[in-house]
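Novice: The hints should help you fit chains Z, F and W onto chain V, whose structure is shown.
Protein chains: 4
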Amino acid sequence: MSIKVELIASTPDAARIVAAAAKICYSPSGAADIMDGLTREKTASFLKMLRDSGHLSPFEHISFTFAVEGISRVATHQLVRHRLASYSQQSQRYVGMSGQTCIVPDSVLKDENAHALFIKQTESAWNCYKELIDLGISREDARFILPHGTETRLVMTMNARELHHFFSLRLCRRAQWEIRELARKMLILARDAAPEIFDVAGPSCVAEGVCKEAHPCGQPYESLEKMLSE
Amino acid sequence: MSIKVELIASTPDAARIVAAAAKICYSPSGAADIMDGLTREKTASFLKMLRDSGHLSPFEHISFTFAVEGISRVATHQLVRHRLASYSQQSQRYVGMSGQTCIVPDSVLKDENAHALFIKQTESAWNCYKELIDLGISREDARFILPHGTETRLVMTMNARELHHFFSLRLCRRAQWEIRELARKMLILARDAAPEIFDVAGPSCVAEGVCKEAHPCGQPYESLEKMLSE
Amino acid sequence: MSIKVELIASTPDAARIVAAAAKICYSPSGAADIMDGLTREKTASFLKMLRDSGHLSPFEHISFTFAVEGISRVATHQLVRHRLASYSQQSQRYVGMSGQTCIVPDSVLKDENAHALFIKQTESAWNCYKELIDLGISREDARFILPHGTETRLVMTMNARELHHFFSLRLCRRAQWEIRELARKMLILARDAAPEIFDVAGPSCVAEGVCKEAHPCGQPYESLEKMLSE
Amino acid sequence: MSIKVELIASTPDAARIVAAAAKICYSPSGAADIMDGLTREKTASFLKMLRDSGHLSPFEHISFTFAVEGISRVATHQLVRHRLASYSQQSQRYVGMSGQTCIVPDSVLKDENAHALFIKQTESAWNCYKELIDLGISREDARFILPHGTETRLVMTMNARELHHFFSLRLCRRAQWEIRELARKMLILARDAAPEIFDVAGPSCVAEGVCKEAHPCGQPYESLEKMLSE
Numbered sequence: 000m001s002i003k004v005e006l007i008a009s010t011p012d013a014a015r016i017v018a019a020a021a022k023i024c025y026s027p028s029g030a031a032d033i034m035d036g037l038t039r040e041k042t043a044s045f046l047k048m049l050r051d052s053g054h055l056s057p058f059e060h061i062s063f064t065f066a067v068e069g070i071s072r073v074a075t076h077q078l079v080r081h082r083l084a085s086y087s088q089q090s091q092r093y094v095g096m097s098g099q100t101c102i103v104p105d106s107v108l109k110d111e112n113a114h115a116l117f118i119k120q121t122e123s124a125w126n127c128y129k130e131l132i133d134l135g136i137s138r139e140d141a142r143f144i145l146p147h148g149t150e151t152r153l154v155m156t157m158n159a160r161e162l163h164h165f166f167s168l169r170l171c172r173r174a175q176w177e178i179r180e181l182a183r184k185m186l187i188l189a190r191d192a193a194p195e196i197f198d199v200a201g202p203s204c205v206a207e208g209v210c211k212e213a214h215p216c217g218q219p220y221e222s223l224e225k226m227l228s229e
Numbered sequence: 000m001s002i003k004v005e006l007i008a009s010t011p012d013a014a015r016i017v018a019a020a021a022k023i024c025y026s027p028s029g030a031a032d033i034m035d036g037l038t039r040e041k042t043a044s045f046l047k048m049l050r051d052s053g054h055l056s057p058f059e060h061i062s063f064t065f066a067v068e069g070i071s072r073v074a075t076h077q078l079v080r081h082r083l084a085s086y087s088q089q090s091q092r093y094v095g096m097s098g099q100t101c102i103v104p105d106s107v108l109k110d111e112n113a114h115a116l117f118i119k120q121t122e123s124a125w126n127c128y129k130e131l132i133d134l135g136i137s138r139e140d141a142r143f144i145l146p147h148g149t150e151t152r153l154v155m156t157m158n159a160r161e162l163h164h165f166f167s168l169r170l171c172r173r174a175q176w177e178i179r180e181l182a183r184k185m186l187i188l189a190r191d192a193a194p195e196i197f198d199v200a201g202p203s204c205v206a207e208g209v210c211k212e213a214h215p216c217g218q219p220y221e222s223l224e225k226m227l228s229e
Numbered sequence: 000m001s002i003k004v005e006l007i008a009s010t011p012d013a014a015r016i017v018a019a020a021a022k023i024c025y026s027p028s029g030a031a032d033i034m035d036g037l038t039r040e041k042t043a044s045f046l047k048m049l050r051d052s053g054h055l056s057p058f059e060h061i062s063f064t065f066a067v068e069g070i071s072r073v074a075t076h077q078l079v080r081h082r083l084a085s086y087s088q089q090s091q092r093y094v095g096m097s098g099q100t101c102i103v104p105d106s107v108l109k110d111e112n113a114h115a116l117f118i119k120q121t122e123s124a125w126n127c128y129k130e131l132i133d134l135g136i137s138r139e140d141a142r143f144i145l146p147h148g149t150e151t152r153l154v155m156t157m158n159a160r161e162l163h164h165f166f167s168l169r170l171c172r173r174a175q176w177e178i179r180e181l182a183r184k185m186l187i188l189a190r191d192a193a194p195e196i197f198d199v200a201g202p203s204c205v206a207e208g209v210c211k212e213a214h215p216c217g218q219p220y221e222s223l224e225k226m227l228s229e
Numbered sequence: 000m001s002i003k004v005e006l007i008a009s010t011p012d013a014a015r016i017v018a019a020a021a022k023i024c025y026s027p028s029g030a031a032d033i034m035d036g037l038t039r040e041k042t043a044s045f046l047k048m049l050r051d052s053g054h055l056s057p058f059e060h061i062s063f064t065f066a067v068e069g070i071s072r073v074a075t076h077q078l079v080r081h082r083l084a085s086y087s088q089q090s091q092r093y094v095g096m097s098g099q100t101c102i103v104p105d106s107v108l109k110d111e112n113a114h115a116l117f118i119k120q121t122e123s124a125w126n127c128y129k130e131l132i133d134l135g136i137s138r139e140d141a142r143f144i145l146p147h148g149t150e151t152r153l154v155m156t157m158n159a160r161e162l163h164h165f166f167s168l169r170l171c172r173r174a175q176w177e178i179r180e181l182a183r184k185m186l187i188l189a190r191d192a193a194p195e196i197f198d199v200a201g202p203s204c205v206a207e208g209v210c211k212e213a214h215p216c217g218q219p220y221e222s223l224e225k226m227l228s229e
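Chains as they are written, first to last, in numbering that gives the first Met the number 0: chain V, 0 to 229; chain Z, 0 to 229; chain F, 0 to 229; chain W, 0 to 229.
Just chain V, same shape as in the assembly:
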């Protein structure tokens, strides 16, 4: 099963909002006048200038909300460490886990023996969960026995500044594969909704043309498109 991501909400007219917010810092005019003068071309070139000069706070004014399914609790435990974001996640205290499965890593899928062991073990865990429930153990206690890779779902919201930070960390080849797959799908959707905001994004190899990692992977991406299509 692979991660399923939907963009369920985003700020309309995102690029112009960012540009207007930035321009108000340096202009004697009000927001309405500023927005009137913002053509698509002016907006795009102004946003580029903002990014190049490191003036990133105006990108906080626009937000993107994603619904995510088919992701493991391994990955979400790491995901929710990003504190400048909002999360609503399926509860294992309240929702019975009978319809759900364990995410299988690719490395396991590709190895017949490993896969067989993995499947057998997850089935045994699910049986144990059900037996514990039958013995009167509560959901919130029975879940201790479920595999850490059990799938979960959540709704998350980040502003564009934090999204850029997230993409720079989590699209790096050194990131955990699952959260990287999540980031890839999020970027594709965000770019579609707000191309001027996300036309440059990702780890330093892509966004700045040079790897800035302390321990480089040795395989920098050649372009944003290649990164997204891999």
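Warning: the hint list may mix true and false statements.
Same chains, same names: a pair is fine if it fits in one copy or spans any two.
Said to hold, decoys possible - List time: in silico DSS-like cross-link candidates among lysine-lysine, alpha-carbon distance up to 30 Å:
1) Lys-119 with Lys-3
2) Lys-47 with Lys-119
3) Lys-225 with Lys-109
4) Lys-3 with Lys-41
5) Lys-41 with Lys-129
6) Lys-211 with Lys-119
7) Lys-3 with Lys-184
8) Lys-109 with Lys-119
9) Lys-47 with Lys-211
10) Lys-109 with Lys-184
Because the hints were derived from the structure by calculation, they are not lab data.
Specialist: Below, chains Z, F and W without anything else, positioned relative to chain V:
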């Protein structure tokens, strides 16, 4: 001059986004299915239940962006202390202050003598600012002599959870009058854009029917409408 | 195995720091003069007044750092949702899990059949983990099969304002038992280090004398001491 | 008058706390064992490695609290925009401003004519403030007429990660002079209290040996010591 507030961006379909995010916590279904089933009535009653049970985090998924003019730097110094928000504010380092004025408090406006003193003093401050600039002092240093009440403008974004917190503090009669006027205008606009989200809002006298302040003002608002029309 | 908590750092002279920070808001004096005048009694009564009037921001100036062991990843996934805190947690990508075990809920411990099932299942999971490692699967992928209740360890820091918020939520009987046990041990340590700061703490039944939960448990704690000794 | 800064609180044994928190991520041992093994030399070299590899989150576990006097409200309006920090600031609503003065920028001090204009204007503003008070205008309204450069005082707390970020921005020659002076004094105090934490700090010219500003000032600092002694 009075504060001018515009809502320049907000999350579309806000009530359904909050409801879907909340429901994903307790449901085995995905976000798309959940949103399909959310009629206006179901959404409104579900949001009420969320608020009543103190489950406020789903309200973080929707955001509101305001452009504000005609507010003093006295008020914005206090405003930006709300840390769960994003601000882009006009710079006094880069923008010449020649077109701007000082906000006059109502108590001063109503007292002829005070008003005369106030106007004379602000004019003298502006003259001094210009003379300092003429002497070669930079804008960023000349502004030290400007009145603290000098008007400024900014773009600010808050999510609905933080907005509710903001309204509960800043619509109280004990709040500074200017930030209270700002809050009043923000709530009117936010309610118009997302009525189900803000049909109950404000200090405890309005939102909970009982004053919870340590030092009550003694004049609780009778209703949200009265609070907004005062 | 039960949770092990140590307080490894805290702000010295915590009560006086909070009091001095609060007093600077309302006083024409500087911090040094203010601190000189703060006897233990004056400090304690001033802190009580701050809390009673809801002026909580000065409590942010003091921090407490805890080292935690013997806690499940079930509990830490929930714990790290508290965003106004700092965490450093043991990595399952880098640390082999061979020496670790699964936390056993009390409800399972007390039921002989459930306990037997649970132990058998966790052993089978550990064997599977080792077999996957032996087949060449990486630690970061093999861990998907480990029980969600696998123990972990972490260092966490919160300021006193956030700690009070944490205690109000997580010491409630309705909180998950493991994070409640963590909160109980944290409060005992924090109180020992800064009694004036934490002499009143916990859910509303204890801290305010009345339950404010939407769905009360029906068994309010009679006192802070009883809550801590249960 | 120049800014007066005191370090009134900081986490004891700061370097070892950061090192222990970081080591727990990659070690099968608990915090107590880790701390026992941390000599001064091991700690210092480990912290250097952390910084070089960009693993900055462990630096959040230690905090520093400063009491600041003799700073203008111009500077503090900008200062409090750093949201990952805690502030307690003197209130102009509650504290009469009679004993306070206006901060005079160096550029004004050095120009006899400008200085004379400045002094005359601030005196006139203070007289107007008092006259307004005498007419019955409240402090919170009379303060609108005070110069924006009026001195204020505050207590602020930042963790070491945020302090490093603050120093990188605010010790740059392009930062506003007053907040730069504040940052300089803060760094001197923080380094004294925790030398291993702050032996490398400041803008990219100092901390990384190369200017990364979009608009370089052209006068990179040669060393941290030169930056602090200027």
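Novice: Each hint: holds or not?
Specialist: Hints versus structure:
Proximity of Lys-119 and Lys-3 under a CA criterion of 30 Å is satisfied intra-copy only: 25 Å inside one chain copy versus 34 Å between copies. Neither within a single protomer nor between protomers do Lys-47 and Lys-119 lie at most 30 Å apart by alpha-carbon distance, with minima of 52 Å and 45 Å respectively. In this assembly of identical chains, the alpha carbons of Lys-225 and Lys-109 lie at most 30 Å apart only when taken from the same copy (23 Å versus 55 Å across copies). In this homomeric assembly, Lys-3 and Lys-41 come within 30 Å of each other (Cα to Cα) only across copies, at 26 Å, whereas the closest approach inside a single copy is 35 Å.
For a Cα distance limit of 30 Å, the shortest separation of Lys-41 from Lys-129 qualifies neither inside one copy, at 60 Å, nor across copies, at 33 Å. In this assembly of identical chains, Lys-211 and Lys-119 lie within 30 Å of each other by CA distance neither inside one copy nor across copies; the values are 42 Å within and 47 Å between. In this assembly of identical chains, Lys-3 and Lys-184 lie within 30 Å of each other by CA distance solely inside one copy; the values are 8 Å within and 40 Å between copies. Proximity of Lys-109 to Lys-119 under the C-alpha cut-off of 30 Å is found in both arrangements, the shortest distances being 16 Å within a copy and 28 Å between copies.
Taking identical chains as interchangeable, the C-alpha atoms of Lys-47 and Lys-211 lie at most 30 Å apart whether they share a chain (21 Å) or sit on different chains (17 Å). Taking the shortest alpha-carbon separations for Lys-109 and Lys-184, only the intra-copy value of 23 Å comes in at or below 30 Å, while the best inter-copy value is 45 Å.
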